[in-house]
Amino acid sequence: MPPLGYAGQAQDAPLGHRNEPEERPHAEAATGGSVIDALALFAALATWAVSTVLAVRLVALSRRTGEAAELWVGLAYLLASGVGVPPFILANHLRVTDPVAAQLWLLVALGGFLASCVALSLGVWRTFRATSRWPLAIVLVVAVAAARAFLAALRSDPGRVPASGIAAGAVAFSVALSWAALESLSLASVLRRRASIGLASPEVHQRVRLWGIAALLTLANATFGTAMYFLYGTNVPVVTTRLVQTAFTLLVTAATWISFFPPERVRRWMRSRAASIRRVG
Amino acid sequence: MAESPVFQQTVSELALEASLEPKDARSTLRRALAAGGLDAGTVRVGQMLAVLRHLLPAALRARGVGAAETICTQLVERVARMEDRAIPDAVQIAEATFARFGSGGSHS
Chain Y
1 MPPLGYAGQA QDAPLGHRNE PEERPHAEAA TGGSVIDALA LFAALATWAV STVLAVRLVA
61 LSRRTGEAAE LWVGLAYLLA SGVGVPPFIL ANHLRVTDPV AAQLWLLVAL GGFLASCVAL
121 SLGVWRTFRA TSRWPLAIVL VVAVAAARAF LAALRSDPGR VPASGIAAGA VAFSVALSWA
181 ALESLSLASV LRRRASIGLA SPEVHQRVRL WGIAALLTLA NATFGTAMYF LYGTNVPVVT
241 TRLVQTAFTL LVTAATWISF FPPERVRRWM RSRAASIRRV G
Chain V
1 MAESPVFQQT VSELALEASL EPKDARSTLR RALAAGGLDA GTVRVGQMLA VLRHLLPAAL
61 RARGVGAAET ICTQLVERVA RMEDRAIPDA VQIAEATFAR FGSGGSHS
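Keeping their order, the protein sequence lines are chains Y and V.
Position 34 of the first sequence, counting from 1, maps to 34 under this note's numbering, and the rest follow consecutively.
Position 23 of the second sequence, counting from 1, maps to 23 under this note's numbering, and the rest follow consecutively.
For reference, chain V alone in the conformation it holds in the complex (with noise of 0.2 Å):
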């Protein structure tokens, strides 16, 4: 599956900030990821900031980077200004769909 721009970009970051090898960035965005149940094709920006805030940091950490969390709040501060674009995310129709069931006539 084809990497989203977000994700793209999150890793030419994360190699620069944490001076680890192109592919090694990769698959450890990939891991925290996939800890957080989102995937490298359609993860959009407020989802990468979640995984940054709370997942990196230990998978950082895992791989003996040090300082992870200063390493993360940089990369928050940059993907927060990327350009967000909507990509079809079917864990997240598929939640919408049967948050929707519970709405018909019941309370909240």
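Chain Y on its own, in the form it takes in the complex (with noise of 0.2 Å):
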């Protein structure tokens, strides 16, 4: 799942509203701040790592088999992370010392992580609604979304993001994640039933399910970073906040690269399980 809420913006607020260096809690900072920062780079690169190098082999695979759901994905992948994070990075260093180059490195993060979620869906649509035309709607109302947002940001001062601008990319990045968790958790109960009579494989039930609450992480990771600053204001607790983000980072990152690529141990545990869900059945 594309780290759409990755565990650097975790001393930021939605989609501009950031806290100055000056408005922290010291005491806070000063405690554990060096740690968690440390944290939050490693869990920050692991992620950008991992989606990186999905991203290459999905977008290769699509060359090889010209079908539009690996490319869709391998996009995804490629435009949070391989876009949208280095910018980040880069404007939360330079926000103190050039804030209008920082705010330029983040119009085009934020760019790269909208034109993520509009690559998700379409992603979703291809891999889990092949068939259908319908999820056309649901990729419209992201797109449509996520250019409102990306407009709205384009046209404000740094930090002034109109509510509205807000909104419109929390649509955009909440139906798109919220719609992969719903298609892939769904698919695999389905997988999960056939695999019980021999009719599906067990590993990409498994593979699918992981995809799933991956999804469902980074959709927690999110609420739980829009929470604490519709909680605390200006006052958000760091180092906890940047802790918990970081963690679920991590979680995202994890399940992300074993639902795509499961080690050879792990694929023997999802094998074990498969017998069980027989023996049920």
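These aren't lab readings, by the way, just hints derived from the structure by calculation.
Note that this is a predicted model, so its numbers are computed, not measured.
Note that beta-carbon positions come from the ideal geometry of N, C-alpha and C, so glycine has one too.
One or more of the hints may lead you astray.
Simulated coverage check for chain V against chain Y, where a stretch passes if three residues somewhere in it have a Cβ under 8 Å from a Cβ of chain Y [claimed, not checked]:
id : region
1  : 49 to 61
2  : 83 to 95
Some but not every residue of chain V turned toward chain Y, in silico, with C-beta under 8 Å [claimed, not checked]:
id : residue
3  : A35
4  : G36
5  : G37
6  : F98
7  : A99
8  : R100
9  : F101
10 : G102
Have a look at the derived ranges for each label pair, beta carbon to beta carbon [unchecked claim]:
id : chain 1 : residue 1 : chain 2 : residue 2 : range
11 : Y       : H93       : V       : G41       : 50 to 60 Å
12 : V       : G41       : Y       : E67       : 20 to 30 Å
13 : Y       : W269      : V       : E83       : 38 to 48 Å
14 : V       : S103      : Y       : V96       : 42 to 52 Å
15 : V       : R61       : Y       : W134      : 35 to 45 Å
Build the complex: two chains, separate frames, hints provided.
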């Protein structure tokens, strides 16, 4: 699942409402800030690496197969991490010394994140509902919301994105991720039943389920960050928030990698789970 | 949704073998299919055979039908001879797509 709510955003609010450094609680930041910063950076780098490798492999696969599903899912990872994360980290580092450049990089990152929402919804359509046309309506909702959010950020002063723009970004993000979670978990449920009578691959069942869980965790991560912002405003407990979001990010990254490329030991575990499903079935 | 030819023929055979009303045979078979993650509109011969072997005996016993295993064995023989027509199955397509995702240079 594209890491749209990656750990580095923890000290930031949704879409441009950001705390300035002097507004952070100094005591908490001083006690564990540097360790958390290192952990968050590690999580961001792990996410970036995993997403980039996944993206490259999926796009390469699409060139061989000519199928749209792997192309769009691969682009979703590429846009979220390859395009989104490095400019986001850069913007974070520049925001005190060069706020204008920081804002530009933040726009690039935001563009990457929002475009990845659109790519993800196209990927979900082509992966889970390839024979239906109605998902086009969901894709359009995500695309329009993403465009509105980006235009709102483009036309606003740094840190002053209007509420409608923030809401549009939240719609693009939450619709794309919720749909991915819903489709993968409902497919996993059907595959579990089919696997119980030997009609589906138990390994694919577990991988689809993990992808759905990764989508849910990504949503939970973003919801947690947003809730903390609305609860605490500019006094967000930075260390706690970043610690929780870093944990979410690492879990999402691990679940995503295993859902696509499970190591042999995990494959064996998946097959043993299949045996227990068969006994129940 | 329209029922697949295999489903319709199996309902007829089941009603005959188990001495059930067609509507009872239909609902019993539908429930067994649902337990296997299948539906009446897209079920094919191979899938129906798996349901007859693994799920229908228990569904028949739950309805109070005697000799459920014998009935299912006879149904398996008849269904295996039915013509199998390709019907697009969204679940199979999605499963194949996701399986392909893991083949991008990975082992297995």
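Here's how the hints hold up against the structure:
1. 49 to 61: This one holds; 5 residues, not fewer than the three required, reach chain Y with a Cβ under 8 Å.
2. 83 to 95: Holds: 6 residues of the region 83 to 95 of chain V have a Cβ under 8 Å from chain Y.
3. A35: Constraint on V/A35 satisfied, holds at 6 Å.
4. G36: holds (5 Å)
5. G37: holds (3 Å)
6. F98: holds (5 Å)
7. A99: Hint holds; V/A99 Cβ to chain Y Cβ min 5 Å, cut 8 Å.
8. R100: holds (7 Å)
9. F101: With a minimum Cβ separation of about 6 Å from chain Y (threshold 8 Å), the hint on V/F101 holds.
10. G102: Nearest chain Y Cβ about 6 Å off; hint holds.
11. Y/H93 to V/G41: 50 to 60 Å: Hint holds: Cβ distance 56 Å, inside 50 to 60 Å.
12. V/G41 to Y/E67: 20 to 30 Å: At roughly 25 Å between Cβ atoms, Y/E67 and V/G41 fall inside 20 to 30 Å, so the hint holds.
13. Y/W269 to V/E83: 38 to 48 Å: holds (40 Å)
14. V/S103 to Y/V96: 42 to 52 Å: holds (46 Å)
15. V/R61 to Y/W134: 35 to 45 Å: holds (40 Å)
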